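As you go down the protein sequences, you meet chains F and G in turn.
Following the numbering used here from start to finish, the first sequence increments by one per residue and tops out at 567.
Following the numbering used here from start to finish, the second sequence increments by one per residue and tops out at 567.
Some hints here could point you the wrong way.
For identical chains, the list gives no copy identity; a pair is met inside one copy or between any two copies.
List time: in silico DSSO-like cross-link candidates among lysine-lysine, alpha-carbon distance up to 30 Å [claimed, not checked]:
# : residue 1 : residue 2
1 : 433       : 487
2 : 240       : 487
3 : 240       : 473
4 : 473       : 408
Hint data in this document are derived by calculation from the structure and do not stem from the laboratory.
Small disclaimer: the values here were computed from a predicted structure and weren't measured.
Protein chains: 2
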Amino acid sequence: MAQQKKRTEIAELGEFGLIDKLTAGFAPRNASTVRGTGDDAAVLAPPAGERTVVSTDAFFEGVDFDLTYFPLKHLGYKVVTAAVSDILAMNARPSQLLVSLGVSSKIPVEALQDLYEGIAFACNEHGIDLVGGDTRASMTGLVISVTALGHAAEERLVYRTGAGQNDLLCITGNLGAAYMGLRLLEREKRVLADIADPEPQFAGYEYLLEKYLKPRPRTDILAALADEKIVPTAMIDLSDGLASDLMQLCRASKCGARIYLDRIPIAKQTTALAEEMHADPVVAALNGGEDYELLFTVPLSMQEQTMRLGLVDVIGHITPESTGCFLVTPDGSDIRLKAQGFPESVRE
Amino acid sequence: MAQQKKRTEIAELGEFGLIDKLTAGFAPRNASTVRGTGDDAAVLAPPAGERTVVSTDAFFEGVDFDLTYFPLKHLGYKVVTAAVSDILAMNARPSQLLVSLGVSSKIPVEALQDLYEGIAFACNEHGIDLVGGDTRASMTGLVISVTALGHAAEERLVYRTGAGQNDLLCITGNLGAAYMGLRLLEREKRVLADIADPEPQFAGYEYLLEKYLKPRPRTDILAALADEKIVPTAMIDLSDGLASDLMQLCRASKCGARIYLDRIPIAKQTTALAEEMHADPVVAALNGGEDYELLFTVPLSMQEQTMRLGLVDVIGHITPESTGCFLVTPDGSDIRLKAQGFPESVRE
């Protein structure tokens with residue numbers, strides 16, 4: 220984003236001055252954070268008997284985000300969501316974050332402060348401590364590397380590997396909205412490229428933009444599952460698209476799956492924009508990605524408790540490995556899922 | 220490095236195929252690794268009562284390394300050393316690693332396998348488990364983000380903050396060799412740029428190349444300190460150069476320091492190449508960086524035990540904060556240390 224306000228060059232502050240400025244105000248609040256930023260490493264002490272979970276993700280300008288329409292505050296928020304989502308997918312409580320930046324000299328300090336404001340906002344919202352990181356020069360665009368940590372009692376941890384025969388496949392939220400938000404932003408970018416005072420046409424699609432630019436991690440699911448005493452048999456976060464992530468879960472659990480096209484939750488705005496763009500909303504749901512919702516399995520016997528959560532939809536069930544992963548259309552045809560791309564017969 | 224052998228495009232394998240290929244053979248060996256790669260997050264359980272330490276670093280092509288002379292196996296080894304060095308600087312045992320890559324399509328799978336071979340070699344050597352990571356497209360060069368974890372009993376942890384009045388300043392190994400190794404490689408790159416079958420002149424400087432291309436983390440210090448029952452009062456790893464890292468330690472410990480120029484250990488090859496290049500080896504030691512040695516403080520009363528380690532040099536001592544950080548030359552002059560650059564009077 221063009222910064223009209225004050226512009227401070229990174230070189231004016233130096234590496235340490237910059238890190239101090241960016242991480243000021245990130246005081247640790249979790250009991251499990253013994254020492255945060257400012258040393259060679261952070262020191263953590265998860266509650267006695269609990270396991271530590273850790274995951275890392277990287278985000279590259281021009282590949283994962285386009286700064287011409289991605290406000291840096293939102294980007295800061297979103298990278299936290301993406302990192303935290305992996306912790307939630309283990310049914311663990313996110314507690315710490317480390318953020319490394321690769322920054323080209325064209326980015327002013329104020330822009331990085333915006334990014335960190337978004338990171339701070341997300342950390343505050345979810346009770347997460349920023350405990351470390353690194354800011355380096357990059358020859359090219361912005362690179363953001365995020366490591367998230369969390370903890371959970373061993374018996375509450377959920378892997379991708381535990382799905383059993385006939386388990387129900389459940390998902391939170393709805394799918395494809397983030398992808399359609401991205402399509403909308405790309406369209407407006409193209410349309411407005413040569414216009415002096417552009418007024419992008421987003422009216423009616425605000426939800427899609429929010430799902431793409433500022434997705435919220437499903438921390439609410441953790442508490443809800445605990446309240447209902449549900450421990451899913453397997454779980455994965457939906458970052459690559461339902462088809463790819465379901466196949467990953469099935470591969471890890473050595474099983475197949477059947478999901479029903481008409482049970483895949485798709486928001487009205489997703490369908491509306493897809494229709495406007497002559498696209499298939501189901502393709503967006505299956506292959507769009509970046510939903511940061513959770514896909515999990517529960518035994519058939521837990522159907523009632525699961526529905527009581529009020530937060531999930533049952534979209535199908537687990538089958539033997541030999542049968543593979545299929546999408547069942549309303550007319551009863553079976554379409555084999557593919558991780559990349561979508562069967563031609565449904566795409567049209 | 221140009222790959223003369225078989226060239227497989229990353230696209231042939233896809234993201235998951237690539238990750239599978241690269242991480243095959245990285246079976247966890249640490250008791251503290253409950254679950255390694257292959258899930259949304261790794262699961263760790265440090266020994267009962269111990270703290271977890273975690274640090275993250277990123278390395279950018281064109282800034283931190285130049286692939287025209289940096290063999291990828293060595294680079295893999297070196298990024299592990301750099302990450303592990305931060306864990307050692309806490310007096311903690313390194314145990315797990317997560318590696319995220321940003322890879323441009325110009326890099327073949329075989330090159331990434333070389334990189335991972337170096338990572339695997341370093342992990343094997345130091346008993347570290349690779350437990351996670353991510354491989355993504357990058358629009359530009361290679362980006363390597365490494366998160367290292369380790370653990371230690373609380374009473375053995377060493378921060379930057381604990382240096383006390385009159386404590387001795389100790390360093391492991393010698394300084395400036397990595398920087399002179401880099402200078403040598405840069406010189407040969409320039410000299411040989413237009414020559415068909417280049418034969419770079421490295422004879423007599425092999426040690427400098429090794430210190431730059433394949434520095435070893437000082438895991439030996441951990442055991443030695445434990446054997447002698449020494450817990451340093453403060454410690455930092457030497458990655459930015461002695462001047463900068465000493466000033467960081469002093470800032471954290473709210474103290475000053477005096478170090479003696481003629482006590483700074485500098486290898487013969489470092490001095491020889493510096494003289495050949497009309498450079499000052501002390502400048503290389505103070506500001507060169509990437510030594511991955513350890514700087515630590517011990518109470519004056521522990522001088523004898525510390526010398527028994529046989530692995531360290533005492534280069535000075537801690538002073539009150541108000542006096543600042545000084546380098547004392549053999550003729551007795553005091554030169555105030557600066558984090559960036561070196562006093563003109565000594566540079567000549």
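Now for the hints, and whether the structure bears them out:
1. For the identical chains of this complex, residue 433 and residue 487 are intra-copy neighbours only, at 19 Å inside a copy versus 56 Å across copies, given an alpha-carbon limit of 30 Å.
2. In this homomeric assembly, residue 240 and residue 487 never come within 30 Å of each other (Cα to Cα): the closest approach is 43 Å inside a single copy and 41 Å across copies.
3. Proximity of residue 240 and residue 473 under a CA criterion of 30 Å is satisfied inter-copy only: 19 Å between copies versus 49 Å inside one chain copy.
4. In this assembly of identical chains, residue 473 and residue 408 lie within 30 Å of each other by CA distance neither inside one copy nor across copies; the values are 43 Å within and 51 Å between.
Consistency with the previously given hints fails for numbers 2, 4, ordered from lowest to highest.
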